[in-house]
Amino acid sequence: MKPIFNRGPTLESRLFIVVVLSLGLLISDGLYGVFKPLRSLLTTLVSPVQYIASLPAVFLDASTDRIISQEQLITENEALIQQLVILQADNQRYQSLQAENEQLRKLLDAPIQTNLPKKVAELMAVDNNPYSLQVLINKGSINGVFNTQPVIDDQGVVGQIVDVAQTTSRVLLVSDLSHAIPVRILRNNLRLIANGSGELNLLNIKHVPHSADVAEGDILITSGLGNVFPEGYPVAVISQIKRDEGRPFAMVKATPLARLDRLRYLLLLGQQEMPLAPLNATENRVIKGDINE
Amino acid sequence: MNKRYVIYLSIFIALVLEVIPMPLDVAMYRPDWLLLVLVYWNIALPQRVNLGLAFACGVILDILLGHSLGLNSLALVVVIYISSLHYQRLRNYSVWQQMVLLGLLTALYNLIIFWLQHWLTNVYFQFSYFWPIVTTVFLWPWLFWILRKIRRQMGLS
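Protein sequence lines correspond, in order, to chains A and B. The working numbering numbers the first residue of the first sequence as 1 and each following residue consecutively. The working numbering numbers the first residue of the second sequence as 1001 and each following residue consecutively.
Do not rely on the hints blindly, as some may be mistaken.
Said to hold, decoys possible - Computed footprint of chain B on chain A, listed as stretches where at least three residues anywhere in the stretch have a Cβ under 8 Å from a Cβ of chain B: (1) 11 to 18; (2) 35 to 42; (3) 49 to 60; (4) 130 to 140.
Said to hold, decoys possible - Here are some of the chain B residues that sit facing chain A, going by a computed Cβ distance under 7 Å: (5) 1020; (6) 1051; (7) 1053; (8) 1077; (9) 1121; (10) 1154.
Read the hints as simulated data drawn from the structure, not as lab findings. All residues carry an ideal CB built from backbone N, CA and C; glycine is no exception.
Next up, chain A with everything else stripped away, as it sits in the complex (with noise of 0.2 Å):
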């Protein structure tokens, strides 16, 4: 057979060279995560790829805003005040609740919680890799977004940014296989650790000894151990609770509260100087200076 490279390395030689290649990029990024920090640039060169990919789907969302009729405008317009009314009047109560919970942990020399800045981003597209549970989302580095930031929807903790590009985001579902999430019960403040499970609506909780106080419909909130979540955003309730003797430990499963099927509007919190885990009540006290030396 007549060979196809009359010049340069042959067929064969070439194969070598890019297998090995791949391997390399293979063993050093998926391995050590080499790559990281590169990652954002390359996502950035590739993003026109991404830009045209969601053009359809932005067009689609715009005339489908615009060709709605004024009378379904007018009863979600009421619905959204109805809503809005009610939600302001808890407010109020809230603002009295937060100054009372101040005042008892300053009482109690307990850690003082500061009121994370929240940003609003929109999903872009769901990642099309049936191994991996990601979404992009429309913002970037040059809105503040950092690696491992936590981000929540309306209901509950929906994941953190795993990849950061200019102007887009990777944000990492808590139902990965790779995804780990401290949380504790709200009922009795009982420790364990989330992990996700690859579907896309079930959580595993691991290492549950038999004898543990866990009950089926107790609610998951974020324990804020481990510095990437903060404390006391609902993750998920407990759907499932088999205790099979025969094994080490119970298996619980349970489903995450954020709707991950439906994600539209994502919160992305915190900003990367600002720790999200809280101050110590006496350092607070220095920062705003009410100490006296």
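Position chain B against the provided structure of chain A, taking the given hints into account.
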């Protein structure tokens, strides 16, 4: 010389189609556009489109999909090597026979990707991972005829 942009344009469109958002139910049937386009151009013009371009496109696809770099490029390179070895034979087969062979190539591509993913992140097997093979196979005749028409009209060599 300047007519080669058609090849790169078709690869660009294939990349766009690989990432275009689709409803969740349809998304698991997404065919392997990049593989189809690269295999066609490799059979038609093996000097122009071969392992180097396959490697580069594989890395770009990895960046777009958020995989670790080198995943898609390794799988693509193996498949393009196989099609490169037999490009003359593949050209002379009828479209139906090519479909069968392409089915095998796509199956190999998806299998390599699954193996590498399993090595890296311990995913477990689900049959729905292999639906793209079916849609890719049925897409091949269309793509073959379209790209061949374009190649002949532009007189690419």
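Practice task
Quick one: which hint numbers does this structure break? Sort them smallest to largest.
Solution key: 7, 10
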